[in-house]
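Number of protein chains: 2
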Amino acid sequence: MSIVVTPATDAIAPVVPRSGRLRPLGPPAVRITGGFWGQRQQINASATLEHCLSWMERLGWVGNFRAVADRLPPEHRAGREFADSEIYKLAEAMAWESARTGDSSLAPTIRKLAADVAAAQQPDGYLNTAFGRPGQAARYSDLAWGHELYCYGHLIQAGVAAARVGDGSGLTEVAVRAADHVRRTFAAGANDGICGHPGIEMALVELARLTGEQGYLDQAALFVERRGLGRLGDAGFGRAYHQDDVPVRAATVLRGHAVRALYLAAGAVDVAVETGDAALLTAVAAQWEAAVARRTYLTGGMGSHHTGESFGADFALPPDRAYSETCAGVAAVMLSWRLLLATGDARYADLIERTLFNVVATSPSADGRSFFYANPLHERSRAEPIPPDVPSPHAVSGARAPWFTVSCCPTNVARMLASLSAYVATVDDQGLQIHQFADAEIRTTLADGRAVGVRMRTDYPADGVVSVEVTHAPPGTWTISLRVPSWARGRAVLREPGGTRPVLTGPVAVTRAFAHGDRLRLELPVTPRWTVPDPRIDAVRGTVAVERGPLVLCVESTDLPDDADVDAVRVDPSVAPVDRDGAVVVAGELVRLPSPSWPYRAPGISPGGTRRAAEITLRPYHSRAGRGPATMRVWLPEVH
Amino acid sequence: MSIVVTPATDAIAPVVPRSGRLRPLGPPAVRITGGFWGQRQQINASATLEHCLSWMERLGWVGNFRAVADRLPPEHRAGREFADSEIYKLAEAMAWESARTGDSSLAPTIRKLAADVAAAQQPDGYLNTAFGRPGQAARYSDLAWGHELYCYGHLIQAGVAAARVGDGSGLTEVAVRAADHVRRTFAAGANDGICGHPGIEMALVELARLTGEQGYLDQAALFVERRGLGRLGDAGFGRAYHQDDVPVRAATVLRGHAVRALYLAAGAVDVAVETGDAALLTAVAAQWEAAVARRTYLTGGMGSHHTGESFGADFALPPDRAYSETCAGVAAVMLSWRLLLATGDARYADLIERTLFNVVATSPSADGRSFFYANPLHERSRAEPIPPDVPSPHAVSGARAPWFTVSCCPTNVARMLASLSAYVATVDDQGLQIHQFADAEIRTTLADGRAVGVRMRTDYPADGVVSVEVTHAPPGTWTISLRVPSWARGRAVLREPGGTRPVLTGPVAVTRAFAHGDRLRLELPVTPRWTVPDPRIDAVRGTVAVERGPLVLCVESTDLPDDADVDAVRVDPSVAPVDRDGAVVVAGELVRLPSPSWPYRAPGISPGGTRRAAEITLRPYHSRAGRGPATMRVWLPEVH
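As you go down the protein sequences, you meet chains A and D in turn. Going by my numbering, the letters in the first sequence line up with residues 1 to 640, in that order. Going by my numbering, the letters in the second sequence line up with residues 1 to 640, in that order.
A hint or two may mislead.
[Unchecked claim] Beta-carbon label-pair distances, calculated as ranges:
1. P123(D) x R66(A): 33 to 39 Å
2. V575(D) x A576(A): 35 to 41 Å
3. Q136(A) x S54(D): 48 to 54 Å
4. R66(A) x A119(D): 31 to 37 Å
5. R627(D) x R611(A): 44 to 50 Å
6. A138(A) x R627(D): 32 to 38 Å
7. R611(A) x A190(D): 32 to 38 Å
8. G609(D) x T610(A): 50 to 56 Å
9. L72(A) x G230(D): 30 to 36 Å
10. R66(A) x R71(D): 30 to 36 Å
11. D389(D) x T610(A): 28 to 34 Å
12. R611(A) x D459(D): 42 to 48 Å
13. L504(A) x V575(D): 42 to 48 Å
[Said to hold, decoys possible] Interface residues of chain A toward chain D, partial, derived using beta-carbon atoms under 8 Å:
14. A383
15. P387
16. S467
17. E469
18. I537
19. G542
20. V544
21. Y600
22. P607
23. T610
24. R612
[Stated by the list, open to error] Covered by chain D, according to a simulated footprint, are these stretches of chain A (three or more residues, beta-carbon under 8 Å):
25. 46-56
26. 318-332
27. 375-382
28. 518-532
29. 585-597
In case anyone wonders, no lab produced these hints; they're calculated from the structure. By construction, the Cβ of each residue, glycine as well, lies at the ideal position given by its N, Cα and C atoms.
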């Protein structure tokens, strides 16, 4: 895999590589103006950010910083050892949100958070409220589990965001001091440790991109190279948990704790791109390939084990015990996006779309004030009520919870939604590439200095028509490229000035001397369709699922007659699913089986019971549990 | 459910109820003389007991007791908070082993262990090496996780065994002092707590049975009644983990941590039987019924989640992630045995047989020096080598390990095997009941004082012929009853003096004036057979298994040509499996599928690949991994 060098951009975006096939755009170059994602960005802005802040103030996670500054006894510190990182992620989310809207209403809140954080920073740059004070464990005394470097990673990402959006909060300066402390402490010849939870690697690279300071990149590369040699010990779950079993460039698949694996891979891509390390980029791309081919749920979800929050073996993808952590979804988008920028391969954008619609969008409730942490594809029990005032255990999955004892997901969703416009489109020397479909305004400048602009309009994913109208057309030819998703294979059509043509999956490019008002119209076939699993996925043998456009659908007991359970559903994939009244309906049966005394029997002996024909209603998986506790399943057994 | 009162016996056995449908027998009334179980008892005696002792001496778990006596600083205490219990379980195993052989070679070892334990007991009877000393947590400061009462449970069971086998080690006296301390501390009106890990309930009942002291029974009943009201808090896994969600008599199914659930249920049966509480007995029997119908693996294994080592939801029985802890197998035998004694229902003996052959017998290696802790029904990866000198993480499942950081299983297997003759046969007023088949000598006395004796000979489970010859025949009629397993339905034959007849499943009784030398011959059809799962078990839809007599069989990669993986196997259940060369062979295919880039596709698009006809060899699940690392599966997809 070769690394293409393109000129740097000064995009306001989380990831701004100095080289790569595509160059990112962010606000204000891309503005999502409405539709599916616009609505979610609004709710994130109006509800989620404040929700996260108030929980963390109430639980004392914000106060931890001031308590350090005030030298309060450490037994008053609140939250888990990584609680600091949640404040950083929220600050990052608020920074992107400021850039999204261009208004300054969040500025005082960000400044106050930044001041609290700064007050807790030690003179040498060290910053962590859980370590290093009298009565606490010593600094870096538990690298495997202490999360100190992980927390710096989020601090630095927040600091980079603050600088790029120009919020003047002071977070950037705090982050730089921390990063300099890390470089001094963990340089070659000093402490040769690594963090049990990756994350600092991509943060340091981004800081190098922001500042042009090579030392941060070198430190990130050191952290990547040190991993995989057993420095972290066995950790109870085996070395793969921390990706400390095999060096990054020797590994062939993503494994172990899913978020750790994905953050590490993202950081390794960043290092590879900045250092021109094609072998490292190739290795990570192959790991992505293997994970997507054999260790990913239909939803794009990753991580099939509750134990260790980890990837399972190849094709071990149980729908009921899917962990598919929301943060792993966010992290998968982060990894795929970096690979997309580096290579331009539309498969990465395909997976981003799938993950955004079916994992990231699934997590928050319609009001933006409760969240899924795990995202299984089969819910056997109706959820118990979630207590509104105390943090929930994080593996609760049948109902969204307002907050968790380990509450990484809400702030991760918040920063992803606030920065979502950065994932919509890119530019290269020829023109503009549209990767994700949304109502959006895009204005940018091509490499030769020509300003271009388009307006995208769509009811996607409810509807498959995406209209792109040229709003700024410089003289001369340039290219607008649109991604045709792989799910639209053989059925997508492009209408362009001068004609209509069927288009293959992948990027479809239109190069011409566009005039103001020219329109491209991509028509994607969002009629619902059956999907079958690979025969090696034991856990869903004999079942089928329904997808519609990029959406995975599910059955909920809420939609079944007579309070039937979803496990009573059998479907007939010989009959095409149809749209009806905003939902999808398929032909099937409801079975009722007698209770056995022993659930194994000789072949040919019928289990008995009754069956009756029924129309089965499916709705988007992301909307699950939105109408109250329900049983739910994505993979539906076939009628016999 | 009514409780039948029968006269007490003074059997040398772990469970000796004062009432119930059947009365237990143990050594020397029942002696296993050879065959499948005799061989395993020999290995247990000659290897496993010493193996366990040497590990616990080397790791310092034995030394913990002497360290308390010597007032050594508590930071030298070794092992987990429940390590004391392993010494008690080993002492119990050694006590049963002494009774089994009748020789006194283990007596010095038991006495030494008993002396160490006694030296650590406090003047008020308190005994735990992990709590209560300066620098340790206070006594009973962490009932949910501290395992203090759990450890007493095992101490008391060891003390009861010591008394019944008459070993004079002094363990009984230590146990009585501890039990008296527990009664004072946890009486009504005093500390109203319960232990996070049940076990003391059945121990206290057994001590009441041994001593006739009602107070122990009352305390056991109190512990049973106190549970289910949320005293233990939420514990991270939810209240069901500790069975503290619903009172025992209100619960409808076994749930939460499997060993905890099964020990608690066993203790509740003991309380119910001794107090004549028919409602409690009925409740537990219904919980057993529900768990067996919907939450039990084909092997008899219980516990489908690694997380919380717990039962899953109804029909959530993934074969690859089956936890099926060996200790849950031992505990299931303990529960089923108590229910069998109380009711006489042969279904309990059926499950005991299934669990003994497919869980308990699976755990130890052929040399008795390594063990499975988890017993999944599908192993996707060849096991990594197990380090021989350090304890392994307990969820390691692809290879047997010599010891574990949490090492409950080896000593549990040891005490079960040493006491196994107690589970073979019982008596009632009419005669003798044979529940399990083994080469054995049985001599006992009927309620009317008549001495009877039989000799059982069988190559079971390799062969299905069980011969019972009368060796002591008093005047008059009496009954010999043999269990016809439910798996033999419709195909079992009994030859008796005077004729041959087909017999139904359940107990088949022959009542006559037996003469010395009279023979009964039960012929069970151990030809291999196909078994299909209930359609509600999603995880094994479209697959079949092979059983042979009481044995569940499996395919291992070791037996496949060209190093094929077990996941390549497809089988044809329209062709009967056959015995061949000590194994079982079925018709099938080996498939080879191409690697997909995305493991989901439209229906009607073949995944491609090749298939070739193959004979597939299966062997008993209990022998798995005996020939080196291998992939393995029990449930095999059908050919299409």
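Status of each hint after checking the structure:
Taking 33 to 39 Å as the suggested C-beta distance range, the pair P123(D) and R66(A) does not conform, at roughly 50 Å. Separated by about 37 Å at the C-beta atoms, V575(D) and A576(A) satisfy the suggested range of 35 to 41 Å. For the pair Q136(A) and S54(D), the supplied restraint of 48 to 54 Å is violated, since their beta-carbon distance comes to about 40 Å. About 52 Å separates the C-beta atoms of R66(A) and A119(D), a value inconsistent with the hinted range of 31 to 37 Å.
Taking the beta carbon of each, R627(D) and R611(A) are about 45 Å apart, inside 44 to 50 Å as hinted. The hinted range of 32 to 38 Å is not satisfied by A138(A) and R627(D), whose Cβ atoms lie roughly 49 Å apart. A beta carbon spacing of about 58 Å between R611(A) and A190(D) contradicts the range 32 to 38 Å that was offered as a hint. With their beta carbons about 38 Å apart, G609(D) and T610(A) fall outside the hinted range of 50 to 56 Å.
Range check, L72(A) to G230(D): about 33 Å between beta-carbon atoms, so the 30 to 36 Å window is met. Checked against the given bound of 30 to 36 Å, the beta carbons of R66(A) and R71(D), roughly 45 Å apart, lie outside it. A hinted range of 28 to 34 Å for the beta carbons of D389(D) and T610(A) is inconsistent with their spacing of about 59 Å. At roughly 45 Å, the beta-carbon separation of R611(A) and D459(D) lies within the given 42 to 48 Å, and the hint holds.
Hint check: L504(A) to V575(D), Cβ distance near 46 Å, so the stated range 42 to 48 Å holds. Among the interface hints, the one on A383(A) is violated; its C-beta lies about 12 Å from the nearest C-beta in chain D, farther than the 8 Å criterion. The closest approach between the C-beta of P387(A) and any C-beta of chain D is roughly 10 Å, which is over the 8 Å cut-off, so the hint fails. Of the supplied interface hints, the one on S467(A) is violated, with its beta-carbon coming no nearer than about 27 Å to a beta-carbon of chain D, more than 8 Å.
A least Cβ separation of about 33 Å between E469(A) and chain D goes past the 8 Å threshold, and the interface hint is therefore violated. Look at I537(A): its Cβ gets to within about 6 Å of chain D, closer than 8 Å, so that hint holds up. Annotation: G542(A) was flagged as interfacial toward chain D, and the flag holds, the nearest CB pair being 4 Å apart, inside 8 Å. Checking V544(A) against chain D: minimum C-beta separation of about 7 Å stays under 8 Å; hint holds.
Among the interface hints, the one on Y600(A) holds; its C-beta lies about 5 Å from the nearest C-beta in chain D, closer than the 8 Å criterion. Of the supplied interface hints, the one on P607(A) holds, with its beta-carbon coming within about 6 Å of a beta-carbon of chain D, less than 8 Å. Annotation: T610(A) was flagged as interfacial toward chain D, and the flag is violated, the nearest CB pair being 13 Å apart, outside 8 Å. Here the hint on R612(A) is broken, as its CB sits about 16 Å from the closest CB of chain D, past 8 Å.
Three residues within the 8 Å Cβ limit are the bar, and the segment 46-56 of chain A against chain D gives 0, so the coverage statement is violated. Under a criterion of three residues with beta carbons nearer than 8 Å to beta carbons of chain D, the stated coverage of the segment 318-332 of chain A is upheld, 4 such residues being counted. By the rule of at least three residues with a Cβ nearer than 8 Å to a Cβ of chain D, the coverage given for the segment 375-382 of chain A holds, with 3 such residues. For the segment 518-532 of chain A, the proposed coverage by chain D is satisfied: 4 residues have a C-beta within less than 8 Å of a C-beta in that chain, meeting the threshold of three.
Residues of the segment 585-597 of chain A lying with their CB closer than 8 Å to a CB of chain D number 5, which satisfies the three-residue condition for coverage.
Checked against the numbered hints above, the structure violates hints 1, 3, 4, 6, 7, 8, 10, 11, 14, 15, 16, 17, 23, 24, 25; every other hint is satisfied.
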